[in-house]
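Protein chains: 4
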Amino acid sequence: MESSNKRMLTPSDYETHADDYMDPAALAYIAGGAGKEKTLRDNTKAFETISLMPRAFADFSQASTQTTLLGKPMRHPTMLAPVAAQSLVNPMGEIATAQAANAFETGMIVSTLCSKPFADVAQATDQTKWFQLYFQQTRALTKVPLDKAIAAGFEAIVVTLDTPIQRPSKRAQLNNFALPEHAAPANLAPEPSAPAIEISKDESVIFQGLMTSAPTLDDIAWLKNYTDLPIIIKGVLAPDEIDQLLTLGIAGLIVSNHGGRALDGTPATLHMLPNIRKQVGEQFPLLFDSGIRSGEDVFKALALGADAVCIGRLQLYALAANGAHGVAHLLKLLRDELELCMALTGCPTIADINASRVIDKDTLS
Amino acid sequence: MESSNKRMLTPSDYETHADDYMDPAALAYIAGGAGKEKTLRDNTKAFETISLMPRAFADFSQASTQTTLLGKPMRHPTMLAPVAAQSLVNPMGEIATAQAANAFETGMIVSTLCSKPFADVAQATDQTKWFQLYFQQTRALTKVPLDKAIAAGFEAIVVTLDTPIQRPSKRAQLNNFALPEHAAPANLAPEPSAPAIEISKDESVIFQGLMTSAPTLDDIAWLKNYTDLPIIIKGVLAPDEIDQLLTLGIAGLIVSNHGGRALDGTPATLHMLPNIRKQVGEQFPLLFDSGIRSGEDVFKALALGADAVCIGRLQLYALAANGAHGVAHLLKLLRDELELCMALTGCPTIADINASRVIDKDTLS
Amino acid sequence: MESSNKRMLTPSDYETHADDYMDPAALAYIAGGAGKEKTLRDNTKAFETISLMPRAFADFSQASTQTTLLGKPMRHPTMLAPVAAQSLVNPMGEIATAQAANAFETGMIVSTLCSKPFADVAQATDQTKWFQLYFQQTRALTKVPLDKAIAAGFEAIVVTLDTPIQRPSKRAQLNNFALPEHAAPANLAPEPSAPAIEISKDESVIFQGLMTSAPTLDDIAWLKNYTDLPIIIKGVLAPDEIDQLLTLGIAGLIVSNHGGRALDGTPATLHMLPNIRKQVGEQFPLLFDSGIRSGEDVFKALALGADAVCIGRLQLYALAANGAHGVAHLLKLLRDELELCMALTGCPTIADINASRVIDKDTLS
Amino acid sequence: MESSNKRMLTPSDYETHADDYMDPAALAYIAGGAGKEKTLRDNTKAFETISLMPRAFADFSQASTQTTLLGKPMRHPTMLAPVAAQSLVNPMGEIATAQAANAFETGMIVSTLCSKPFADVAQATDQTKWFQLYFQQTRALTKVPLDKAIAAGFEAIVVTLDTPIQRPSKRAQLNNFALPEHAAPANLAPEPSAPAIEISKDESVIFQGLMTSAPTLDDIAWLKNYTDLPIIIKGVLAPDEIDQLLTLGIAGLIVSNHGGRALDGTPATLHMLPNIRKQVGEQFPLLFDSGIRSGEDVFKALALGADAVCIGRLQLYALAANGAHGVAHLLKLLRDELELCMALTGCPTIADINASRVIDKDTLS
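Protein chains in written order, with numbering that gives the first Met the number 0: chain E, 0 to 364; chain V, 0 to 364; chain C, 0 to 364; chain F, 0 to 364.
If you are wondering where the hints come from, they were derived from the structure by calculation, not from laboratory data.
Where a beta carbon is used, it is the ideal one built from N, C-alpha and C, also for glycine.
Watch out, some of these pointers could steer you wrong.
To be verified - Which chain E residues face chain F? A few, computed with CB under 8 Å, are given here: (1) Glu47; (2) Leu339; (3) Ile358.
Stated by the list, open to error - Computed footprint of chain F on chain C; a stretch qualifies when at least three of its residues, placed anywhere within it, have a C-beta under 8 Å from a C-beta of chain F: (4) 100-106; (5) 206-217.
Work out the full structure: start from the sequences and follow the hints.
And the structure:
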């Protein structure tokens, strides 16, 4: 499989060639998006609206991609996004991913729906590692993965709020995707012990059923009391709701629409990023997710306000292609492309990457 | 045929797969639009210009899609649009549609060109039922279906004004479509008893012929005197003509371009909706027609000013696919999608769906 | 061939099916445009940017398409554009076209490069007939066709000014198009008697060669003295040059880019029409050419300022398809579509077709 | 091969048909662009946003394409861009190109990576000839080609600054392109005598490796002292960096993004041209590069502010097709098209080609 790297000249090659080495149903599950996949498409197309301004004379003798997040240095401004059930594509699952993160000095966010014990995953990397929390039906059930994650030494809690309901994509349904046993969550309560919800004829399965488990602002407040770990919110985009979260004292935000897997019709996150940066202020930790397919994309997200970016689907394609080596190679391709962009736009440091380095056609003539 | 539901994961699947189970000529007749079908295409494309703003923290414990139209409660803000000659695609025709409307608690508008006796259709549903009137060549001829509809217990009269002339679409002509005997209007005068119009050499078949039967404002006034039922106008878009109708005391408006079957080149109705809502005021009953293909589309039309929407072509595809079960399933898919949109945009009630929940790219950065 | 009319449901069907009955080289010659054919494409695409506003309540009892041009009544606001060498596609050539014009009460503009004697063409129609003049290398050579045209009874002179140089289109070249003997100009001087122009090494064949025959403002002034017939200019678009022509006392303008056959890159004429109407004033005779493919297009050109439109390529496709019957059928299709547009937009007369009947998306919300 | 000219009706035909006569790997190397080739595509698409305004009455008796650059007359405002390794496509390489330049009275810029001795190339043409300089790893290494170029009689130095790092395009990599021995640089130091750079684990091959050879403003100042030849900068687009260069006393600028081969995501150069012309003032020598595929494109670049344009890829396709004859024929096609544009837009001289001759749709109505 090592030889497949030859065709992997850019990060998106892992996506382009995924159907060569992945099970069609697993690929449909990973690649698919909500509804008509308009948000999925818009997330990547948004990057085409931004141009880069070349520069010639910056001094690169001290240049580096190093940056700092939550007070901790990072070798480069890229993290592995929380993706569920990674054993689906590789028997080592999240452990292989963590090995790649460790080898390429990259932060990693581990999903609630991780298919390997948190402790084993955490042990595989000395780099930044955060835990992504999906609130469960009851607080007792929520504490099961949460306590394990805290015990495993994760350094922050990322709470995902954009998918109180997540339907399988149409692609996944048409491919009859079902999660295999070996990729099932390894860190949740042993069996579905929450009481079934009863829905009357005049009620809705969605409203009076599924949405009763949706996390509330109170849940975030509870979590903040429950642990001293910094809390980062992923997937809240409405300005007033962001304000509520800031008031509550969260430590960071991840601008995300769940890679187009949640509400189809949501705008591309790249278009929402500048206003959110404006709202939270220059110093607040802000990550970007949904749509990154190249180092050039990383550069553009940083230029428009992100401190770092998260890599979702590409991570899984690379894991499927070549395990830990695939993921490490993907991360290397991303950093090489980012460095090339920095070199040709005159940005020796991550701090140099700002709005003045990108350009909008409307301002040209 | 029940098994075909498996492929029907979204409402538009009934359209996508229609050629698997429909006679090509009947499909051409139903699917086709006027002229080059630009309006037909624009009607659906217009929805892609509107984005949805996700929200996380609304309380859905009391949520529902219930709403009120002309003072009567509706389980959800969707109605079956008046579509002619439904026996074309199912032997039970409009009776099957009415059964579905009844089963899924949905309002129905029955066409003047209904292929089943009005009384039989009306009897099949306890839900909201309105009668759609095409004015005939003379008032005497118009009274024939009108009196039958009033006797059958329809609760409102919807007058369609956008098609004084309606040519068969090019698709229908190329497929040699002709309405079969069993789908002919069942409620009109027994034979065409109106006198033939004579056209001189210097006159036009269109102007001095067909247009002499076009309904006028006087006809609406006459109708208002003739019946106490509320009168709803479908297909008038010009602001000054809407004003004339409001002055006359109509009870509601349906913003429609006849699904792109009347004047090709008419703008997408979704683009015209906000200004018409502005013109008629917040409380005036306003329905939307032409272009709805998903629950997300329903949400967007409500957000831009509609109180409810009408479903036209999809209704016929579902009726063709699986009779009353098909239509009921279609309505369920539409409501599920609408509920999902409401859940993920933080709208527990129909009243919460307003312009603040949709977003225009231009406002983003 | 009569039966082919069955497939000709809209005017543009004559274009769509042209390759079924036309010689490929002749079709390439007629269909092709200058350069990369961007102007050719833009001419038709421009019509898609204009929408129509439907209306319901106008009175059509006295409606008609009748209008007046240069003081003479016309049955409908459409003229046959001057197209060269019509014997290329039909042995009767321009005589057949004139018969169609006569039968369908349509004005006709006959080209300098007409393949039949002017007298024969003029004799075939009692309708409005104008003569299109290409200035020749010398005034003596120019007088040859001009005198014949005046003698034949043409009622106005249309001077084309946009093609001092006209290269065969790339399509025509790739198809090795050469004008056959029987389609050669029938009304020019018997042999090329003008002296050959000598070009030095430092001069240009285009500048010091071909452009020396380009007509000047002086030539127009000379023509105005030479004949009392009204002079109409075709193909001048620059505002200051239009002003010069107005000062000279021309009788009308045809807004045209030669159907995209002259300078590729010229804007679509439809986009230039409103400003030119503004410049020449409401009463000045203004025709529109380049891009008309339907009665809806005729309506839009009138709404944006034209008094009448010219039909170029479609005329030749219809002539090729079915001779005089084809052209008459084409004209009928165009008028039917125009009447339908008028009926559904509430315009009982040509004078009612103005800018208020078309609509721009930007004004909608 | 002479007969292939028959298919070459426009300059871009040499590009369209290149795969008929070129080695796939060589073609991939020449045709490819950086990254996803967005800039490559945008460079040519930008020309489609500009329209031409036709004019009828200009006097062309004295018309010509003659112009002046750096005080020296040019027969037409087109130069052959510096392209490396031309022996790749023709055994005579840059000598054949120079012969074409001489025959068609065209300026030529010879690349540092020229595959033939500078003296031999310079000897082949009496027309304007400039030398394009890539700074080498050390000044000593830079002097090797520089001294040879000065000795060969080149009249100006063009310093390229947009590609301190240039990766082979993805196309070139996928085609396993490698520069053959016979196309290697013929004028550089005999062997890579610069010391290898050592990179530590925490450093970057790009930043601490490749970028250490990137030319700085000091290098330009050094060059200015080293030679009296005028210095022209190619590929600097940032306004403040242009200001620095103007202060340094450069003699001209070439607006270029290296034909989309350097930083993908850079805006089309045509969109940047007007502002740069505004910045440097009306008299400063300004050339345009990247995207020219026709004489119409030449016209548009001149209208938006360029004094002359450079032809890159087309030059190589024509050289591959037919050696010196191919390049001369290409130049003739370009000038013919430019002359035709000038004739039909009323521009008898290059000085007449200005912003008033092009038109933007937004200004039309």
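So, going through the hints one by one against the coordinates:
1. Hint on glutamate 47(E) holds. Least Cβ distance to chain F is approximately 7 Å, under the 8 Å limit.
2. Because the beta carbon of leucine 339(E) sits about 6 Å from the nearest beta carbon in chain F, less than 8 Å, this interface hint is met.
3. The restraint placing isoleucine 358(E) at the interface with chain F holds, with a minimum CB-CB distance near 6 Å, inside the 8 Å limit.
4. Counting residues of the stretch 100-106 of chain C whose C-beta sits closer than 8 Å to any C-beta of chain F gives 0, which falls short of three, so the coverage hint is violated.
5. Counting residues of the stretch 206-217 of chain C whose CB lies closer than 8 Å to any CB of chain F gives 9, so the stated coverage by that chain holds, three being the minimum.
When the structure is compared with the earlier hints, a violation turns up for hint 4 alone.
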